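According to full-length UniProt numbering, the residues represented by the sequence shown are 1 to 817, in order.
No lab work stands behind these hints: they were computed from the structure. Hints may contain errors.
Here are the simulated SDA-like cross-link-like pairs (lysine to any residue), alpha carbons at most 20 Å apart as the crow flies [said to hold, decoys possible]:
#1 Lys193 <-> His276
#2 Lys218 <-> Leu99
#3 Lys221 <-> Glu96
#4 Lys572 <-> Leu184
#5 Lys688 <-> Ser651
#6 Lys639 <-> Val700
#7 Lys627 <-> Leu699
#8 Lys619 <-> Thr607
#9 Lys220 <-> Ile156
#10 Lys74 <-> Met423
#11 Lys272 <-> Asp250
#12 Lys564 <-> Gln553
#13 Lys244 <-> Ser364
#14 Lys74 <-> Ser432
#15 Lys627 <-> Lys714
#16 Lys244 <-> Leu274
#17 Lys698 <-> Asp708
#18 Lys564 <-> Glu180
#19 Lys244 <-> Gln260
#20 Lys221 <-> Ile156
#21 Lys244 <-> Leu261
#22 Lys187 <-> Arg296
#23 Lys100 <-> Lys76
#24 Lys431 <-> Ser78
#25 Lys202 <-> Val298
#26 Lys187 <-> Asp250
#27 Lys716 <-> Arg704
#28 Lys218 <-> Ala92
Derived DEER-like restraints, expressed as beta-carbon distance ranges [said to hold, decoys possible]:
#29 Glu378 <-> Thr263: 16 to 26 Å
#30 Leu581 <-> Thr428: 47 to 57 Å
#31 Asn242 <-> Ser582: 15 to 25 Å
#32 Leu214 <-> Arg161: 31 to 41 Å
#33 Lys76 <-> Leu99: 30 to 40 Å
#34 Arg382 <-> Glu153: 47 to 57 Å
#35 Glu153 <-> Lys357: 41 to 51 Å
#36 Glu186 <-> Ala155: 19 to 29 Å
#37 Asp616 <-> Lys187: 53 to 63 Å
Just so you know, these numbers come straight off a predicted model, no measurement behind them. Virtual Cβ for every residue (Gly too), placed ideally from N, Cα, C.
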Amino acid sequence: MEDLSYVKPAEPISRFGKDVHERGDRIPKRFSFSTDEKLDDAIQVYLRLKPDTEFSKDGFLSLSEEEKNSLLLKKKSSVSKFSFSYIFKPSASQEEVFLKSTEDNLQDFLNGKNAFIFTYGTSSSGKTFTIQGTKNNPGLIPRIIATIFASLENAIDESYRYCPERSVSVVELTENEMFEKFLLKEKCLTWAKKLVQQHLQKNDDILSFEEIELLYKKSKKLVVDKDDCVFSIWFSFAEIYNEKIYDLFDMHKDVRNPLQLSTDLDKCVFIKGLQHIHVTTLEEAYFLYYYGCYNRSVSFTSLNERSSRSHSIFTVKILGRQKDSNDNCFITSSFSVCDLAGTERFSKTRNHGSRMKESQSINSSFLVLNRCLKIIRENQLRDFKQVVPYRESKLTQLMGTSFTTRDTNLVMIVTVAQSQNLMDETETSLKSSAIATEIKAMIETPVKKKKKMRFSSAFSHLNPGRGVNWNEIVSCNRNIIPSSLPMQDGNLELLKTLEKEKKQRQEAETKLIELEKAHRVEIESLIGEHKYLSDQRDTESVRDKELEASKVQQHEQELASLKKQHEILYEKYMNSRADFLSLQKKLRLLRDDYEQLKAKHEGLESTCEELEDMLDDAKEEVEELQKENKELNEAIIAKDEDLVLKDERISVLELEVEQLEDNLQDNAEERDVYDKLVKALEDSLRNKEDEIKELNDKLVTQSRSYEDEINLLKKKLEGQPYRESRRVKETNAPIIRIQDNSFSDDDNRRTPYIRRSRSAGYRNSFNDSDDPSFLIPVRRKICTSKKKKRRQAKDLESSYYFDDSKDTQEKTFFYCG
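Required output: the full structure, derived from the provided sequences and hints.
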């Protein structure tokens, strides 16, 4: 058998205004923008299928193809169909859910009508995700906050003068009370900013303030009926945990005091002692909301890692009044969003200890809620009215006003997940939603009991057994009057009965007279006692008035001193607030400078890393150049050794040439041959000298290029400007000396010498004062003369030996004849 349910769309109500109940002798007034009211508002019931789940034909849940916004629940023996105002598919975004279910109600809220939204479903079906959302998918409450501030951007009242109280009342605060409200807000904000920042670092699912600012910029600005009004915004946040109510804005989380429920003059239930915090900016609203979410009770279960263990109720109240008006006329409206905990079964969650107690409390509150929905629907269908058991649960007590009044838009969002393990719980949720679709908002008129007078109540209390039963007397009279009718027929029995009745009547009258006399006596005595008590009370009242007058004087003096202190503190507060605002601006500037310096520092770090890499490369190049330089030095040394050997060979050849010249003097025929030989030797000598010059030039240019490369590398490493040295160091060539021992000491003659240099070639002769050990013979003939033969060439047997005892760069050859 199919289970059918239908939902009628809610018609908008634009009534705007509440009664204002204030303290003292203030007169409540009504101020409304419009008076259009329509009856029979249905509860709007929406269904949301859990995101990230696929609905297959083989599953127990499927969307109806025949009817729009209908869901089929398939079981083994039957198929049930459930209809809703709208069904959000798994692919539906958070923005779509907000636009379809909340935006119109938010528009009515800004124009004076109340709204109450609550989620309903099993555990881990997506209720908290719908209400709160995540970092990338903000839920209903962040979007509601952003839309409210976007719509009331230029009409927010920052004063603390008027504050909501109870359910729909408004109170005008004194200066001390305004200061206390401000201090409460500042304390909550300091705690909130600290804890929310810590929570943001640990939990990635929370929106940052920058993200909610982007949401605020993208939000649609809703239309407000009156432009000449200013609105003050007030937040409150409570949770019901194990049938105890706690304030989530309470700063002392370790020791939380439970709050109690109470009713106001309009029979509306409210939370007594719940803090209302005045909010003026989007930043304050953001930190306060997530501070309340941080204080909410959540824990790990087998079905959900962060399972809500309590019912939370977040409420936004706005108070609207005309600008520059002293009239105490207000627009009051409230928007409440309730995130209910999920129903659970012990067989599936396996909870124990405190978790099991929490599950029992959650399930009992859902049981009472289902009973209330069922009885409300039955009372609307038949004349006999049952008592709705609102008082059996704290949750239903708070929700009862929304169910029974016409000035509240009630929205129910049912969340389900296609999990075979949760089929029974899902079926229960769908059946409850079917009942809710048939409920219409109605105003219940409570029966007023007559109050007893003070005197009559006191009299009845003093004389409980002496009251006159007037109903019995009237019934007796009614019985007596018809019994006199048979007397016309002459019936004696009837006459006897009539006489008995007369006697009874006379006895009753006498008893009545006696009772009246006794009552009069008691009344007179009570009046005397009353007079005595009133006189005594008057004397006591005079004394009390005197005491009160003295106390009033003391209180007035204390109040004057407190006012002075308050003025001083208020001035200090205003000064400190100005300093605080200036410090905030400086802090923002410093943050901007810090970000810029941080970016520059990161750029410098990257450049430093690049320079370090270049330095490592330069070091490697320097090492390679040093190795090459070392190899070149070794090659130069080898070249020097070759030059020395060549010089030795040249000297030997010169001696041979001299010998040949001596021989040519004796033999003319051989002279031409020797001349040719000498010429050939001289040519080869010149060629050798040219080669030596070229090698020296190459060596000098190569050493200059190596020095330039080394200086460039030093410039890169040290960062100093490079100054090219124009001075070239002259290479010190080894000095060759040859000593001729063929001359005797008797010949007072010295052989002329020259200094041998690699780069300069042969130099001129030195004087006799020069040390001959550092000199070599001049290139011209020294051993023989053209005119006189000193010795024969065949007798010349010259021997040479090498001496390097003086210096490593000086080579000495001695000639021994």
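Against the structure, the hints come out as follows:
With a C-alpha separation of about 18 Å, the suggested pair lysine 193 and histidine 276 falls inside the 20 Å cut-off, and the hint holds. Taking the CA atoms of lysine 218 and leucine 99, the gap is near 13 Å; set against the 20 Å cutoff, the hint holds. As the CA atoms of lysine 221 and glutamate 96 are separated by approximately 17 Å, the hinted pair is consistent with the 20 Å bound. Using a Cα cut-off of 20 Å, the hinted pair lysine 572 and leucine 184 holds, with the two alpha carbons roughly 17 Å apart.
Of the pairs offered as hints, the one joining lysine 688 and serine 651 holds, with about 13 Å between alpha carbons and a cut-off of 20 Å not exceeded. Between the alpha carbons of lysine 639 and valine 700 the distance comes to roughly 13 Å, so the proposed pair stays at or under 20 Å and holds. Distance check on the hinted pair: lysine 627 and leucine 699 sit about 17 Å apart at the alpha-carbon level, within 20 Å; holds. For the hint linking lysine 619 to threonine 607, the alpha-carbon distance of about 18 Å falls within 20 Å, and the restraint holds.
Simply put, lysine 220 and isoleucine 156 have alpha-carbon atoms about 17 Å apart, close enough for the 20 Å limit, and the pair holds. With a C-alpha separation of about 10 Å, the suggested pair lysine 74 and methionine 423 falls inside the 20 Å cut-off, and the hint holds. Under the criterion of a C-alpha separation no larger than 20 Å, the hint pairing lysine 272 with aspartate 250 is consistent with the structure, at around 14 Å. For the hint linking lysine 564 to glutamine 553, the alpha-carbon distance of about 17 Å falls within 20 Å, and the restraint holds.
At roughly 13 Å between alpha-carbon atoms, lysine 244 and serine 364 fall within 20 Å of each other, so this suggested pair holds. The straight-line distance between the Cα atoms of lysine 74 and serine 432 is roughly 17 Å, inside the 20 Å bound, and the hint therefore holds. Between lysine 627 and lysine 714 the alpha-carbon distance is near 17 Å, which keeps this suggested pair within the 20 Å criterion. Proximity of lysine 244 to leucine 274 is assessed by CA-CA distance (about 13 Å); at most 20 Å being required, the pair is judged to hold.
Distance restraint check for lysine 698 and aspartate 708: the Cα-Cα separation of roughly 15 Å lies within the 20 Å cut-off, and the hinted pair is therefore satisfied. For a cut-off of 20 Å, the pair hint linking lysine 564 to glutamate 180 stands: about 16 Å separates their Cα positions. Taking the CA atoms of lysine 244 and glutamine 260, the gap is about 8 Å. The hint holds against a cut of 20 Å. A C-alpha spacing of about 14 Å is found between lysine 221 and isoleucine 156, which places the hinted pair at or below 20 Å, so the restraint holds.
Taken as a hint, the lysine 244 and leucine 261 pair is honoured in the structure, with Cα atoms around 10 Å apart against an allowance of 20 Å. Of the pairs offered as hints, the one joining lysine 187 and arginine 296 holds, with about 19 Å between alpha carbons and a cut-off of 20 Å not exceeded. Of the pairs offered as hints, the one joining lysine 100 and lysine 76 is violated, with about 34 Å between alpha carbons and a cut-off of 20 Å exceeded. For a cut-off of 20 Å, the pair hint linking lysine 431 to serine 78 stands: about 14 Å separates their Cα positions.
The straight-line distance between the Cα atoms of lysine 202 and valine 298 is roughly 15 Å, inside the 20 Å bound, and the hint therefore holds. Pair hint lysine 187 plus aspartate 250 holds up; C-alpha atoms about 10 Å apart against a cutoff of 20 Å. Proposed proximity of lysine 716 and arginine 704 is supported: the alpha carbons are some 19 Å apart, at most 20 Å. Restraint check for lysine 218 and alanine 92: the C-alpha separation of about 19 Å stays at or below 20 Å, so the hint holds.
About 25 Å separates the C-beta atoms of glutamate 378 and threonine 263, a value consistent with the hinted range of 16 to 26 Å. The hinted range of 47 to 57 Å is satisfied by leucine 581 and threonine 428, whose Cβ atoms lie roughly 54 Å apart. Taken as a hint, the range 15 to 25 Å is violated for the pair asparagine 242 and serine 582, whose Cβ atoms sit roughly 47 Å apart. Range check, leucine 214 to arginine 161: Cβ separation about 33 Å, and the 31 to 41 Å hint holds.
As the Cβ distance of lysine 76 to leucine 99 is approximately 39 Å, the hint placing it in 30 to 40 Å holds. Between arginine 382 and glutamate 153 the CB atoms are about 50 Å apart, so this pair conforms to the stated range of 47 to 57 Å. A C-beta distance of roughly 46 Å is found between glutamate 153 and lysine 357, which places it inside the suggested range of 41 to 51 Å. For the pair glutamate 186 and alanine 155, the supplied restraint of 19 to 29 Å holds, since their beta-carbon distance comes to about 24 Å.
Checking the proposed 53 to 63 Å range against aspartate 616 and lysine 187 shows it holds: the Cβ atoms sit about 57 Å from each other.
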